[in-house]
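Novice: Sequence:
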Amino acid sequence: GKKAVFDIVAAADKGKPTQISVLCDFAGLGDCGRKRYQIDDATSDNLFQIEFPAGRPQGAGQIILNPDVDGKGRALDIYAIKVRVAN
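Following my numbering, the numbering of the sequence shown begins with 2 at its first residue and continues without gaps.
Heads up, some of the hints might be wrong.
As the list claims (entries may be wrong) - Straight line, CA to CA, 16 Å or less: simulated EDC-like cross-link-like pairs of lysine to aspartate or glutamate:
no., residue 1, residue 2
1, K83, D14
2, K4, E52
3, K15, D42
4, K17, D42
5, K15, E52
6, K17, E52
7, K17, D69
8, K15, D41
9, K17, D78
10, K36, D71
11, K83, D46
12, K73, D41
13, K4, D14
14, K17, D32
15, K3, E52
16, K3, D32
17, K4, D32
18, K73, D14
19, K15, D26
20, K15, D78
21, K36, D69
22, K36, D14
As the list claims (entries may be wrong) - Simulated DEER-style distance windows between Cβ atoms:
no., residue 1, residue 2, range
23, Q59, K36, 33 to 43 Å
24, G60, K4, 27 to 37 Å
25, G2, K73, 35 to 45 Å
26, D14, A81, 11 to 21 Å
27, N67, D42, 28 to 38 Å
28, G72, V10, 15 to 25 Å
It is worth saying that the hints were derived from the structure and are not from the lab.
In this text, a Cβ means the ideal position worked out from N, Cα and C, and glycines have one as well.
Can you build the whole structure from these sequences, using the hints too?
Specialist: Listed below in C-alpha cells is the structure:
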C-alpha cells in the first residue's frame with residue numbers, strides 16, 4: 002500500500018536523440034503501464050510513479066527498456082535506475 006517513484010537516468014549518443022519505452026512487471030503487485038520518453042544527449046532524469054497494493058510480491062519483478070522505439074539503431078547510456086518511497 003505504498004507509492005514509489007522510479008528514476009531512469011539516461012543519455013543518448015551525442016547528436017542522436019532517441020525515444021525509449023518502459024514496461025514493468027512487479028510480480029503480482031501490478032505494472033507501470035507503458036511509459037515513453039524522449040532521450041537527448043544530455044544526461045536526464047526520467048521519472049514515473051507507481052502505487053503498489055498491500056501485499057508481498059510473488060517473485061522477482063522486472064523493468065523492460067526498449068532503447069530504440071523508432072528502430073534507427075540508436076544507442077542509449079543508462080547510468081542508473083533508482084527508486085524511492087513517495088509520500
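Novice: The structure should be examined with respect to each hint, and the outcome stated for every one.
Specialist: Here's how the hints hold up against the structure:
A threshold of 16 Å between alpha carbons decides the hint, and for K83 with D14 the separation of about 21 Å lies outside it, so the pair is violated. Only pairs whose Cα atoms come within 16 Å are accepted, and K4 paired with E52 is accepted, the gap being roughly 4 Å. Among the hinted pairs, K15 with D42 is consistent with the structure: their alpha-carbon atoms are about 5 Å apart, no more than 16 Å. With a C-alpha separation of about 7 Å, the suggested pairing of K17 with D42 holds against the 16 Å cut-off.
Our distance criterion of 16 Å between C-alpha atoms is broken by K15 and E52, whose separation comes to about 35 Å. For the hint pairing K17 with E52, the CA-to-CA distance comes to about 34 Å; that exceeds 16 Å, so the pair is violated. Between the alpha carbons of K17 and D69 the distance comes to roughly 11 Å, so the proposed pair stays at or under 16 Å and holds. A C-alpha spacing of about 8 Å is found between K15 and D41, which places the hinted pair at or below 16 Å, so the restraint holds.
As the CA atoms of K17 and D78 are separated by approximately 12 Å, the hinted pair is consistent with the 16 Å bound. Between K36 and D71 the CA atoms are separated by roughly 15 Å; this keeps the pair inside 16 Å, and the hint holds. Under the criterion of a C-alpha separation no larger than 16 Å, the hint pairing K83 with D46 is consistent with the structure, at around 10 Å. Our distance criterion of 16 Å between C-alpha atoms is met by K73 and D41, whose separation comes to about 15 Å.
Distance check on the hinted pair: K4 and D14 sit about 33 Å apart at the alpha-carbon level, beyond 16 Å; violated. Simply put, K17 and D32 have alpha-carbon atoms about 30 Å apart, too far for the 16 Å limit, and the pair is violated. Among the hinted pairs, K3 with E52 is consistent with the structure: their alpha-carbon atoms are about 6 Å apart, no more than 16 Å. Of the pairs offered as hints, the one joining K3 and D32 holds, with about 14 Å between alpha carbons and a cut-off of 16 Å not exceeded.
At most 16 Å may separate the alpha-carbon atoms for a hinted pair to count; K4 and D32 meet this at roughly 13 Å. Proximity of K73 to D14 is assessed by CA-CA distance (about 13 Å); at most 16 Å being required, the pair is judged to hold. With a C-alpha separation of about 31 Å, the suggested pair K15 and D26 falls outside the 16 Å cut-off, and the hint is violated. Proposed proximity of K15 and D78 is supported: the alpha carbons are some 11 Å apart, at most 16 Å.
Between the alpha carbons of K36 and D69 the distance comes to roughly 13 Å, so the proposed pair stays at or under 16 Å and holds. Of the pairs offered as hints, the one joining K36 and D14 is violated, with about 21 Å between alpha carbons and a cut-off of 16 Å exceeded. With their beta carbons about 23 Å apart, Q59 and K36 fall outside the hinted range of 33 to 43 Å. G60 and K4 have their C-beta atoms about 22 Å apart, which leaves the hinted 27 to 37 Å range violated.
Between G2 and K73 the C-beta distance comes to about 42 Å, which sits within the given range of 35 to 45 Å. One distance hint, 11 to 21 Å for the beta-carbon pair D14 and A81, holds here, with the actual separation near 18 Å. Our hint of 28 to 38 Å for N67 and D42 is violated, since their Cβ atoms are close to 19 Å apart. As the Cβ distance of G72 to V10 is approximately 24 Å, the hint placing it in 15 to 25 Å holds.
Figure legend: structure checked against the earlier numbered hints; hints not met, in rising order: 1, 5, 6, 13, 14, 19, 22, 23, 24, 27.
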